[in-house]
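Using the supplied hints, reconstruct the complex from the two chains, each of which is provided in its own coordinate frame.
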Amino acid sequence: MSAPLEAARPATDAAALARVRAGLARELAAPRGPTWQQHRLRGLAGAAVTTSLLVIGTFLAGIWNDPSFATGLLHAALPVGALLGLQALAVHAAFAPRATGLQRVAVGGAVLALGLLIALRGEGHPSALPEWVCTLSHLGTGLVPLAVLLSAMRAAALSQWRLAAAGVVSGSFGALLGEFACGQGALHVALFHGGAWLLALLLAQAVGRFLRPTSFAP
Amino acid sequence: MAPSTPPDPSDEALMERFCTGDEAAFDALFGRHAPAVQAFLVRMVRDRALAEDLTQVTFLSVVRSRDRFLPGARFAPWLFSIAANSARDALRQRGRRGEESIDASPMELVAPTVAPSDPALGRRLGEALEALPVAQREAVVMHHVLGFSFEEMAEALGTTAVAVRVRAHRGYEKVRERLGHLLEGER
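Quick note, the sequences are listed as chains A and B, same order. Here the working numbering = 1-based position in the first sequence + 232. Here the working numbering = 1-based position in the second sequence + 937.
Hints are computed from structural coordinates only; laboratory data are not their basis. Note that the structure is predicted; figures quoted are calculated from it, not measured. The beta carbon of each residue, even a glycine, is placed where N, CA and C say it ideally should be. Errors might be hidden in some of the hints.
In silico negatives: residues of chain A with every beta carbon more than 10 Å from chain B [said to hold, decoys possible]:
1) L334
2) A387
3) G415
What the simulated footprint calls covered on chain A by chain B, stretch by stretch (three residues with Cβ under 8 Å from a Cβ of chain B suffice, anywhere in the stretch; the number is not a length) [what the hints assert, rightly or not]:
4) 248-261
5) 265-279
6) 322-332
Isolated chain B, as found in the complex (with noise of 0.2 Å):
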């Protein structure tokens, strides 16, 4: 009989092993939350490399703030809310000096699942995000991009679920508004 393999550890495990010391558990919770971190700043500031800076500044605050992770609570939208508030700093500041995002490649910025050929949708999904206020493009990247829930999503933004679920509902119509025919699917 094959040996049974024991079950992955949770996310809270290995925090609660990184805050001892157990630096192989950072590296599991990197590898399993990094990419989604990675593609929820690049929808946010439509900028890879500032996306990429961004992405090292949250697992940055995960090192050097571990111990702001409170026993009970859950990882990943503490994790988020942490991307969140690097998210919006940095859109702050370029408001601030008066940049908008220098990505030249939208295409980059949408998964291989959309075809090459189709180059319109992607520019014409990250314009629409883009357009969005800031709390709304959040709540529509985490729920309808990364598969957050409300739950999830309202521990990671310090609010309530009926408050992200508001935001997430106003921001999707306002993409729906823009992409118009393209997601006649979705109705």
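Only chain A is shown next, with the shape it has when bound in the complex (with noise of 0.2 Å):
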């Protein structure tokens, strides 16, 4: 240790010290909160119920315009089930301790969920509607669950790569409802439905700065 660097350590405040201990003695005395693997396992089953509700909406929507749409979901099940692993890959990383990692893992795995949902789109057919709307409603469609996701990890440090997985999962729901409701082309899904969760990791990103949390705990 450098000697002069040495002195530049503060003398202990004894009263101060003494004041906080005493501001402890409520927070030791009160009951235990949800421990992160609670957490987990609310966030897991979150995005199951919503999930199942996406599907279950999109189905009867689609049946009602089109009866022949419940073939066209089982040619979904390849890249669904790969979002569906997805999502809980992410789910599981936004809450876990020193989870970097897993976090940065889970947004390599979007990036090769978006490939993989590009490659497998083909020419596609186009839409009545403006394209820019698989953008706003894929948005739309996470808003919800990024919310509560974002207010069950205030429960610890919301590091940049936190907040990235807990994008990861919005964005998520926007491309599950892009596979079940949209039928145009490779280049669509790519840039709205690839825009669409852009957004939603920049925006779990802007929210999460002015978000206070309850503990620093990494």
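Right, here's the structure in full:
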């Protein structure tokens, strides 16, 4: 250690530390809040419920318009399966302690999943609606899950990578909607579905900067 | 023959006991580490009142998030990662509000070993540290003031030992530039 900088170590303020310790008494006596495993379980359950509602709602809307819609859904099994797996990974990464590596994997997984969605889409068919409607509806689908997720994530420090994992979860709901409800081609998926996912990631970062966590534990 | 006293339990053993509800274990951890946490935060935010609040926030986080302390991890780096996170958040809030540190007595920030007749040293040390980017300030304070190893700092700050070594080196060089002859004894 450097001698002059050793001297820069502030003197201990014992009175201040006594006040700090006294201020912790109520927290020590309070019942313990949910653990990170419980938060994760609730996150996974919430994601499963939301996805189920999305599937049922899109299915009913699709069948109403086109009785052969159900057959088309079978072709979405692979990308939907990939998205559900990514969602579970990202939920876990958002809540687990010291999970920066997993959070990066979740973001990388989102890029790969988007690549898969683009590769499997093919020519597609045009839609009567403007293309930006997909971006807007995808982002909107992910808003409530993002809000719920960020609220629960305040129980620990909100690092950029944790917020990115939350953005991956939010964006995955929009991507699922795109697989069920949009039949347009690969370029559309890349620009407008991919654009929605990118916006979800940016939104998670922007909102996270203003959230105050209840704990700064990593 | 005098009975041998049992060795003090390790921080990790105390944390394990605290996680099962042993408040005395928390008190032991607090007693061991609160002074160093307070010193770190005073140096980071240069505001004694704010540092007291952040010390409380740090240990509140330990209490609330004890489940996030992973088995096998080391306690001190985990504790200081919490302190560093709280300091960065406070500095960000302060920057957003356009505030400056309000501590008017730089000498209070310096250990009693510094001669009271040398107020320039205390003031220049504080100014030199405050002029550093937050990441370099953390590294210089943790390594040169508090004596953390680069491996411990890497664990606390969630980065590599090489990265913290570079930050500490660059930060210390900037401090040397500002302090000039005051650090000539180091050469």
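Can you name, in rising order, the numbers of the hints this structure does not satisfy? 2
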